[in-house]
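Undergrad: So the protein sequences, as listed, match chains B and P. What the first sequence shows, in the working numbering, is residues 1 to 277, in sequence order. What the second sequence shows, in the working numbering, is residues 1001 to 1307, in sequence order.
Check before you lean on any hint, since a few could be wrong.
[As the list claims (entries may be wrong)] Rough simulated footprint, nothing fancy, chain B against chain P, three-plus residues with beta-carbon under 8 Å:
| no. | segment |
| --- | --- |
| 1 | 1053-1067 |
| 2 | 1110-1116 |
| 3 | 1190-1199 |
To be clear, the hints were calculated from the coordinates, so they are not data collected in a lab. Remember, predicted model here, so these are calculated numbers, not experimental data. The C-beta atom is built at its ideal place from N, Cα and C for all residues, glycine as well.
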Amino acid sequence: MTALIVGAALIRDTFREAFARKVFWGLFGLSTALLLFFTFIMRIDVVQGATATVELFGQSVEKSIDVARFVRRIHGAISSFLYVWMMFLALFASAGLIAAIFEPGRIELLLSKPVSRAGILMGRYVGNLLVVALNTCYLVLGVWLIFGLKTGVWHSAFLGAIVATLFIFAVLLSAITLVAVLSQSAALATMVAFGLMILSAILAQRSLAERLLSSEWSRALWRTLYWIFPKVFDIGKMNMDFVQGKGLGAADPIWSSAVFAVVMLVLSVYSFSKRNF
Amino acid sequence: MLADNAIETDGLTKIFRSLWRRREVCALDHVSLQVPRGTTFGLLGPNGAGKTTFVKTLLSCVHPTEGGARVFGHDVWETGARRPIGYLPENHRFPTYLTGASMLDFYGALSGMDAGARRRRVPELLELVDLARWGDVRLGKYSKGMLQRVGLAQALMHSPELLVLDEPSDGVDPVGRRHIREILHSLEEIGVTIFINSHLLVEVELFCREVAILHRGKVALVGKVKDLTAGKGYRLSAASVPDNLAAKLKEAAAATASNHGLMEFQFADREQVNRAIDDLRAGGAEIESVAPTTSTLEEVFFRTVQS
């Protein structure tokens, strides 16, 4: 019971701080702007299962295509866009929320309470994740509703973007948490998270690397790095394939990214528990 | 069974090591201190004496290099050991996005209080610290003195048995100080142990029953305020004091200290100091000095720190 009270208090406090720092409203405002964009740029007239016209920015782009296939293709592209969009926004917005609790004069009071250090850190982590989850749900559900109402096609696989976005955000947030514990710097934590995103896109080009790299050891190093770091790029691609009905494919990027997150969180809790404040 | 001491440290040592410069700073050097349950205890010392490190060690913010600390008989590193502690830190930074009431609610919840208990307790405490009309105002709008008072209310949220206050009067005007003192007196009457870390000697002298002076990470003096400040007295220093004799003299002395193998005893009158000299000579100890002492805590403090 006490653990529930403490956990709820820590999560609520993260939300309060997110509101106060305008993080929540910033995410919400940008998501709303994007929803309005989708509402007004696209007009689709549906005639008995086929589109009569599709207009983007007032220009007719396609005629007489299958609505379901068309919406699925659009959904695939948009879910990839939302995945990257939400990731950028969430990382910018979140890094400060974790580092804030280490401010001198604040951390001592938190540590003086009968709460374990792991509990304090995980409370913030989960709170941060929920702040982003709420906004992601709002944006993805909003886009799904807009397309559903405009086309009459309710393609539920699109909602998989929520799961993919939150999963990879949780993975990157674990790295942010570790950097924040070690350095207490929000800026450095943000840089590391973006660095991981870029690195993921580079490391994902495995087949190209296998062709370009001449020595075996450099290819082995590439593969090792690929498996160590989170697969932001691959999971984004998996999400798009899933939405377009091509299935999920191999689950390796999921479990290896999950292992990365668990290792980061264990290291965060360990280094937090060893620190003096 | 109830522990006799609210706080008990045994050879508490903290050495801060700088990895890059390979420098070591000994903040606490084998500090052994007992704070009896129900007392009001002041921890004094010049800047850099190790007072804040000592307090942070009690609250598990700082890992000791050696030795340990117990609160009501429990190791401070047990999460539950911190349940009976209310703490007001020095240089606190309460989240400014919280209002006075929501701040009390948050820290009350972290202490394990359920929602109903928090709802009842918050207005009571805001009233107690004279901030009833400020409960819905964000802490960012509070003055330093108001923050100190709401900080005290925060420390009292879960009705702690031990109150640890780090510079409680910092930034508070004289009226506010008296008000805080009155609140603390009322807590003392109901048996709450109060541990104050302060630079303000007058405040400690007015409020605390017992004091310890930390100097360069060591306990330089510990005793009851009334004995230390009760008119004229005598300070006796001796070396090579046998253990059994040291224990006997500690009972008779108003205060004792130990420094580099030299033991110091503070006696209230000439008769006591002469009897102690006789005992020390008979026990084979070497007397270093005997000096008359004067009475205010400030004088005791300076004498101790300068010696």
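Undergrad: Do three or more residues of the segment 1190-1199 of chain P come closer than 8 Å to chain B, measuring C-beta to C-beta?
TA: Since 0 is below three, the answer is violated.
Undergrad: At a Cβ distance under 8 Å, does chain B reach at least three residues of the segment 1053-1067 of chain P?
TA: Three-residue rule met by the segment 1053-1067 of chain P, so holds; n is 6.
Undergrad: So is the segment 1110-1116 of chain P in contact with chain B by the C-beta rule, three or more residues under 8 Å, or is the coverage claim wrong?
TA: holds (count 6)
Checked against the numbered hints given earlier, the structure breaks only hint 3 and satisfies all the rest.
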